[in-house]
Amino acid sequence: MNDFLSTSLQILKPLLLHGFPNTFLLSVVPLFFSLILGIIGGVLGNSKISVLRVIAKIYVYLFRNIPFLIFVYVAYYGFPYLGVNIPPLTTAVVALAINHGSYMTEIMRGGLNTIRREQIEASASIGLNIFQQYSLVIIPQTIMEVAPSIVGQTILLVKDTSIISVIGISELTRIGRQITMLTNSPFLVFFYVAVFYYVLCFLFQMLSNWSEAKVKKYIG
Amino acid sequence: MDSMLIRFVTRNFRFYLEGLETALSASIISLLFALIIGLVVGIIRYSHKGILGTIAKIYVSAIRNTPLLVQLYFVFFGLPRLGIVLSAFQTGVIGLSFNSGAYIAEMVKAGFQAIPRGQIEAAESIGLSVHQRFRLILIPQAALQIVPAVGGQMVQLIKDTCLLSLLAITEITKAATEVGNKTYMFLQAFLFAGIIYLIVNMLLNIAIDLFERKINYAR
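Taken in order, these protein sequences are the chains called G and A.
By the count of full-length UniProt numbering, the first sequence reaches residue 220 at its end, each step adding exactly one.
By the count of full-length UniProt numbering, the second sequence reaches residue 219 at its end, each step adding exactly one.
Certain hints may be false.
Chain A is faced by these chain G residues, among others (derived, beta-carbon under 8 Å) [what the hints assert, rightly or not]: (1) N65; (2) L69; (3) Y73; (4) V74; (5) K159; (6) S162; (7) I163; (8) V166; (9) T173; (10) T180; (11) L182; (12) P186; (13) Y192.
Derived coverage of chain A by chain G (criterion: at least 3 residues anywhere in the stretch with Cβ under 8 Å from a Cβ of chain G; other residues may be distant) [what the hints assert, rightly or not]: (14) 72 to 81; (15) 84 to 96; (16) 154 to 160; (17) 163 to 172.
If you are wondering where the hints come from, they were derived from the structure by calculation, not from laboratory data.
The structure presented is a predicted model; accordingly, all values stated were derived computationally and were not measured.
Where is the CB? At the ideal position from N, CA and C, for every residue including glycine.
Pulled out of the complex, with its shape left as it was, chain G reads as follows (with noise of 0.2 Å):
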């Protein structure tokens, strides 16, 4: 028993200190970015010229069909042989953020639908112009709107942080998997790595019940 507690202490503690907060700022920054290249993807997936459209359609299809992890090697890969020198840590947050940017594309696509025409109308009729429409009018509103799934999606981005310890950055499945060689038990190190997701997961699905609550009240 005193054994077992041992063990728990030496995988718990890098597993807090490390692998936690690293990977709740590796899921929150990219969040950020992403829910940046989802509206422009949005407004794009909705414009009335075509080639845009096409654009943020290609887009989506791409990342939709094509596993992560490859984007991962690409932009691993990918950015040296551009001559873009960058490290790991922003190679992983600019995957993940492009990869989740295609969602939440996808996401403020079908949320700007459900806009009203009249509101856009109302909006143009009061002089705003076409910046000041979709600022202030459009997508404050759709965001409202597509709360609940933006958080889902969330949770989908923080699990596949995951998938970034394979270029070296130091988040829960990498501590993990550092620990099980020092510790030599794997069963325990990945069972406390899933509790660590969970909990992280459950938080985001907190803030996803709680925002549909809001969003309820305030539209009535």
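With chain G's structure known, arrange chain A on it following the hints.
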């Protein structure tokens, strides 16, 4: 550049083809197991409230809220500790099956819930047993409902097989790593792997669309 690319592809195509074969067989076998797991767990989720229902609920939420890679490591490094020694491929298939099974269980449950309550009452009133109700009324209708979603899960499974490369299974991504190691053209190797995934999933999407149209005719 062009001739170099063609040479690169023709020289290494064999590796990718072997990888594709492994990836496809892993995803098809996993889908079959996942369908069985999903059906059983889905029925439990739909109709049991007691301990069995709670276990099913924990299973689904544990799978859905943890990364597949961690689940695969758990099985890959954990099973030998329990004295269960399997090949990497078998462990990979087990991991993928249990992962997809949880998602399919939710689809099955949603499929059952979409069936109007009146049908079940009607089935009860003509004296069908629980077993008959599932076999004759619920499952056939739910099965049609969830075909598109299961097709989507198959696309997801093919994408997920790339993680098997981290268990040292030579599927498409691992084949690309090997080609990269051999030629030092890592970027091209992985781009080509990406194209293979894209083509396979494109074909699959077309098949799903055709099937969906056929079902809509049937309705």
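Outcome, coverage hint (the region 154 to 160 of chain A, chain G; C-beta under 8 Å; three residues): With 3 residues closer than 8 Å to chain G, the region 154 to 160 of chain A meets the three-residue bar; holds.
Hint validity - T173 of chain G Cβ closer than 8 Å to any chain A Cβ: Because about 6 Å separates T173 of chain G from the closest Cβ in chain A, which is inside the 8 Å limit, the hint holds.
Restraint satisfaction for V166 of chain G [CB to CB of chain A, less than 8 Å]: 7 Å, holds
Restraint check, 8 Å cut-off on beta carbons, for P186 of chain G near chain A: Given a least distance of 3 Å, the restraint on P186 of chain G holds.
Supplied contact hint for Y192 of chain G, tested at 8 Å Cβ to chain A: Not OK, violated: Y192 of chain G not within 8 Å of chain A, min 10 Å.
Agreement of hint V74 of chain G with chain A interface, Cβ distance less than 8 Å: 5 Å, holds
Interface hint status, N65 of chain G versus chain A (Cβ within 8 Å): 4 Å, holds
Interface restraint verdict for I163 of chain G against chain A (beta-carbon cut-off 8 Å): 6 Å, holds
Claimed coverage, the region 72 to 81 of chain A by chain G - three or more beta carbons nearer than 8 Å: With 5 residues closer than 8 Å to chain G, the region 72 to 81 of chain A meets the three-residue bar; holds.
Three-residue Cβ test at 8 Å for the coverage of the region 84 to 96 of chain A by chain G: violated (count 0)
Satisfaction of the Y73 of chain G interface hint, Cβ to chain A closer than 8 Å: Y73 of chain G check passes; min Cβ-Cβ to chain A is 4 Å, inside 8 Å.
Restraint outcome when L69 of chain G is required to lie within 8 Å of chain A by C-beta distance: For L69 of chain G, the interface hint holds, since the closest Cβ of chain A sits about 5 Å away, which is under 8 Å.
Comparing the model with each earlier hint shows violations of hints 11, 13 and 15; every other hint is respected.
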